[in-house]
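Q: Just so you know, the protein sequences line up as chains A and B, in that order. Take the first sequence: its position 63, counted from the start at 1, is 63 in my numbering, and no numbers get skipped. Take the second sequence: its position 53, counted from the start at 1, is 1053 in my numbering, and no numbers get skipped.
Since the hints were derived computationally from the structure, they do not count as laboratory data. One or more hints might be untrue.
To list a few chain B residues with every Cβ distance to chain A over 10 Å, as calculated [as the list claims (entries may be wrong)]:
no.: 1; residue: G1027
no.: 2; residue: S1055
no.: 3; residue: S1059
no.: 4; residue: E1068
no.: 5; residue: T1081
no.: 6; residue: P1115
With a straight-line Cα cutoff of 30 Å, these simulated BS3-like cross-link-like pairs (lysine-lysine) come out [claimed, not checked]:
no.: 7; chain 1: B; residue 1: K1129; chain 2: A; residue 2: K3
no.: 8; chain 1: B; residue 1: K1129; chain 2: A; residue 2: K56
no.: 9; chain 1: B; residue 1: K1113; chain 2: B; residue 2: K1129
no.: 10; chain 1: B; residue 1: K1048; chain 2: A; residue 2: K56
no.: 11; chain 1: B; residue 1: K1129; chain 2: B; residue 2: K1048
no.: 12; chain 1: B; residue 1: K1048; chain 2: B; residue 2: K1111
no.: 13; chain 1: B; residue 1: K1129; chain 2: B; residue 2: K1111
no.: 14; chain 1: B; residue 1: K1048; chain 2: A; residue 2: K3
no.: 15; chain 1: A; residue 1: K3; chain 2: A; residue 2: K76
What follows is a set of in silico ranges between Cβ atoms, one per label pair, in the way DEER data are often shown [to be verified]:
no.: 16; chain 1: B; residue 1: G1054; chain 2: A; residue 2: L4; range: 20 to 26 Å
no.: 17; chain 1: A; residue 1: N55; chain 2: B; residue 2: S1035; range: 48 to 54 Å
no.: 18; chain 1: A; residue 1: S23; chain 2: B; residue 2: E1133; range: 31 to 37 Å
no.: 19; chain 1: B; residue 1: D1033; chain 2: A; residue 2: L4; range: 19 to 25 Å
no.: 20; chain 1: B; residue 1: E1062; chain 2: A; residue 2: S23; range: 42 to 48 Å
no.: 21; chain 1: B; residue 1: S1035; chain 2: A; residue 2: E83; range: 53 to 59 Å
For glycine and all other residues, C-beta sits at the position ideal for the given N, C-alpha and C.
Each chain, written out:
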Amino acid sequence: MPKLEYFLVCESVSIDRETNRISLFNVIEDIHRVKPGTQISSPLLFNLVAVSCWNKLEGDDDTDFQATLRIHHPPKEGGEESEPTDLPLNFRMQSRRQRLLMRLATPVLPPAHDGRLRLELLLNGRHCAEHEIGIIEKSTDDL
Amino acid sequence: MSFGQTDKMILRQPFNLLFSSEFDSLGFIAGNDESLFAALNEHPAVNKLREALGSGSVSENEIRQFAEQLMQEFRPGELFTHDLILAALAIVLSRNWNTPFAEEFILDLAKLKNPELRRSIAIARLSAKNVVECTDTISRTYQPVHEQLPANEWRLLPTPREECFDQVEEFNL
């Protein structure tokens, strides 16, 4: 089973073609939502990239693995728990180190109070790491 | 065997191991660039230097100075006497790929076209290729099937959408 080297959620990623080095931009700690009812001219897309890097261990060759990004939404209005969203990605360890970039392009978040959005990383159904993002209400004047 | 001005260098371990006749003969034993790379990569002298760099008993700065000393004997139009040692340094430095000097040394050497440095250039190219290919990247984009909220009520911080060249999957929020 590959060993997790790191897991982070950021806004965008760049990989240098010559050196294959990865750069992560804007590691996401907080996101903002506007007050319900605020007039906004058009919705904007919001990108999240969940980046994980795995090191190959003995016996990992020719084995299928499944990484899952599990999104734990904040509770709904009234405090009801939301169902988590699972985003699976099947892979094989094709080299000594394997990076997985799981990109989410989403125009809006599901209903939420101020709270936390928890992104959990699982490998073959087992918890490996998580990244929490704060959701903060903000008026459009601040945007 | 003569090593020119390098004879006058005071070489400490493990640099001096790169000046043995046995090490120098690798250039004759090995056939193509890949087999030379493999032979150099497993050579005890290269292993010693690699270990010394890893443990910190040899610094990158010492390797830089060593390479500069070697290059003093470079003569345009003549096969470089220390071409094989330069190749060994490229292999050793590839373990330190994340440092600016190691990357600069290997990539700059790999970009050269001098026939005098044919073997070291070839080994630097293989070193760079090996380092670059040791990490593979899989990318997947997930797009929501539908929006659950009116767009005029919720919005996240404005960010431009980046281009996605990878496989796209839809999911339910």
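Q: Each hint should be assessed against the structure and marked as holding or not.
A: Against the structure, the hints:
Listed as a non-interface residue, G1027 of chain B keeps its Cβ farther than 10 Å from every Cβ of chain A; the least gap is roughly 28 Å. Every beta carbon of chain A lies more than 10 Å from that of S1055 of chain B, the smallest distance being close to 22 Å; the non-interface claim holds. The claim that S1059 of chain B lies off the interface holds: its Cβ sits roughly 22 Å from the closest Cβ of chain A, which is beyond the 10 Å cut-off. Residue placement check: E1068 of chain B keeps its beta carbon more than 10 Å from all beta carbons of chain A (closest about 24 Å).
For T1081 of chain B, the condition that its CB be more than 10 Å from all CB atoms of chain A holds, with the nearest at approximately 30 Å. Residue-level check passed: P1115 of chain B sits 24 Å from the nearest beta carbon of chain A, beyond 10 Å. Among the hinted pairs, K1129 of chain B with K3 of chain A is consistent with the structure: their alpha-carbon atoms are about 24 Å apart, no more than 30 Å. For the suggested pair K1129 of chain B and K56 of chain A, the alpha carbons sit about 19 Å apart, so the restraint of at most 30 Å is met.
Proposed proximity of K1113 of chain B and K1129 of chain B is supported: the alpha carbons are some 17 Å apart, at most 30 Å. About 26 Å separates the Cα atoms of K1048 of chain B and K56 of chain A, which keeps this hinted pair within 30 Å; it holds. In summary, the hint linking K1129 of chain B to K1048 of chain B is supported, as the alpha carbons are separated by about 23 Å, within the 30 Å threshold. Restraint check for K1048 of chain B and K1111 of chain B: the C-alpha separation of about 27 Å stays at or below 30 Å, so the hint holds.
Distance hint between K1129 of chain B and K1111 of chain B is fulfilled; the C-alpha atoms sit about 13 Å from each other, no more than 30 Å. Simply put, K1048 of chain B and K3 of chain A have alpha-carbon atoms about 29 Å apart, close enough for the 30 Å limit, and the pair holds. Distance restraint check for K3 of chain A and K76 of chain A: the Cα-Cα separation of roughly 35 Å exceeds the 30 Å cut-off, and the hinted pair is therefore not satisfied. Range check, G1054 of chain B to L4 of chain A: about 24 Å between beta-carbon atoms, so the 20 to 26 Å window is met.
Roughly 28 Å separates the CB atoms of N55 of chain A and S1035 of chain B, a value that falls outside the hinted 48 to 54 Å. The beta-carbon spacing between S23 of chain A and E1133 of chain B, approximately 19 Å, falls outside the hinted interval of 31 to 37 Å. A C-beta distance of roughly 36 Å is found between D1033 of chain B and L4 of chain A, which places it outside the suggested range of 19 to 25 Å. For E1062 of chain B paired with S23 of chain A, a C-beta distance near 30 Å fails the hint of 42 to 48 Å.
Checked against the hint of 53 to 59 Å, the C-beta distance between S1035 of chain B and E83 of chain A comes to roughly 57 Å, which is consistent with it.
When held up to the earlier numbered hints, the structure conflicts with 15, 17, 18, 19 and 20 and fits the remainder.
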